[in-house]
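Asks: Work the whole structure out from these sequences, hints included.
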Amino acid sequence: MLGNQSQKIEIKILVIAPSIPKPDCNSGDRRFFALLELLAKHCSVDLWLASAPSSSPENVRYVEDVSRLQVKVLSDIAVINTVFSQAYYDAIFFEFYIIAEAFIDLCRLYQPHAKVIIDSVDVSFAREQIEAKLGLIESEQAEKTKQRELKIYKKSDVVIAVSHQDRRILYAENKNFKIIVIPNIIKLKQQSINPSSKEVIFIGGYNWSPNVDGIQWFVKEIWSLIIDMVPDAVLSIIGSNPTEEVLKLGEVSGVDVIGFVPDTNPYLKRAAVSIAPLRYGGGMKGKVNEAMSIGLPVVTTNVGAQGLNAISGKHLLIADEPKDFAEAVIGLLKNPDYRTEIGLAGQQLTADLCSPEVVEKVIVELIDSQIPPKKSLLPLFTRVRRTLTLFLFEKLGFIYLWNFGKRVNRKVMSLVAR
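In this text, residue positions in the sequence shown follow my numbering: the first is 1, and each later residue adds one.
A few of these clues could be false.
Calculated cross-link-like contacts (lysine-lysine; reagent style DSBU-like; alpha-carbon spacing at most 35 Å) [claimed, not checked]:
1. K248 x K187
2. K269 x K144
3. K189 x K178
4. K361 x K12
5. K146 x K189
6. K323 x K41
Label pairs and their in silico Cβ distance ranges [as the list claims (entries may be wrong)]:
7. D228 x G135: 27 to 35 Å
8. A172 x I311: 18 to 26 Å
9. K334 x D263: 23 to 31 Å
10. R61 x E10: 26 to 34 Å
11. A172 x K361: 22 to 30 Å
12. V60 x F260: 15 to 23 Å
13. E64 x S369: 29 to 37 Å
14. T82 x L225: 55 to 63 Å
Quick caveat, the hints were computed from the structure, so don't treat them as lab data.
These numbers come from a predicted model, not from an experiment.
Virtual Cβ for every residue (Gly too), placed ideally from N, Cα, C.
Replies: Spelled out as structure tokens, the structure:
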């Protein structure tokens with residue numbers, strides 16, 4: 001029903017996000033970019049960025065990429081006043097609960113008719129609870145995050161979870177939440193198995209602490225066990241913003257820290273095994289989906305396999321202890337036929353869960369069931385009242401909003417890399 005142009009014009013959505021998505025930098029941004037692409041097929045979409053991108057050629061390229069999706073990019077903080085006072089949106093879509101926390105009350109005040117949708121990306125408090133158990137943060141921090149996150153979700157009409165596991169976590173806290181599952185969105189690629197390869201690959205953005213923790217754990221606790229059995233094995237560590245701790249791993253024999261690459265496909269195609277040795281984290285892991293989409297076998301932990309409904313030994317291999325993890329990698333390195341078998345099964349699972357065609361049906365259902373057709377333009381009196389109110393807000397609150405927005409963006413940027 002939503003495929004025709006007239007319906008697309010009728011439904012108008014404002015997406016509020018921390019920054020322009022950079023899909024070649026991390027899986028969180030790849031999912032967000034693909035989500036914008038699917039939304040723009042069925043709705044008129046405006047994207048307002050809480051943190052305006054710089055005018056560097058790199059950022060201009062990312063803005064142009066989003067604009068080519070027929071998404072209007074608004075990046076000036078002053079523009080939000082005009083947006084709220086003059087435009088009529090059927091729905092307002094927040095990327096991350098922290099962004100909703102900053103702007104949801106303004107949206108409810110000036111766009112009271114609009115449905116509010118919050119994309120959780122991952123359930124932050126669930127991730128922090130595991131961090132606390134590992135002694136990486138204080139348990140009080142996880143509890144504070146839980147209260148903040150649940151409070152914001154209660155103000156929404158719909159919460160998007162990235163996996164059924166995340167949905168169960170949220171339902172356990174509040175059965176009144178309306179939760180829709182929209183997973184990672186992955187386009188399948190032809191399987192390319194290199195039977196002679198002994199390369200193990202890890203891909204991740206290192207702004208995300210679980211990736212830093214996970215690859216350090218793997219190199220320090222597991223890698224030597226693999227080298228003992230497969231002396232010619234090599235480990236390639238790929239991804240944006242490698243920290244000092246990650247760079248130091250390159251001093252270990254057989255380990256190569258490559259860092260950011262604009263296209264991971266050539267590295268995935270030459271590898272024998274992809275690893276996701278995550279000890280904590282939330283949501284569905286893009287690095288796992290990305291490898292599975294190309295038919296590359298994956299060894300991960302139970303945390304890394306969250307949200308996939310995968311069977312260990314069929315779709316991928318799951319191991320939480322160093323010895324078991326090493327044995328799983330060794331078994332794949334020594335048996336190309338086994339690699340092919342696991343890779344093909346994982347690829348089919350990814351197609352069933354994460355293909356654009358599958359996810360598009362979910363988005364269409366979300367639009368049809370949750371976003372009512374536009375009734376009419378706001379009355380002139382209402383628009384005038386909003387304009388005056390927002391004028392006062394601009395004079396009294398602009399400096400506060402600007403500084404608060406920068407603080408929010410710094411926090412969000414620590415969450416987006418996967």
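Asks: Tell me the hint numbers this structure goes against, listed in increasing order.
Replies: 2, 5 and 6
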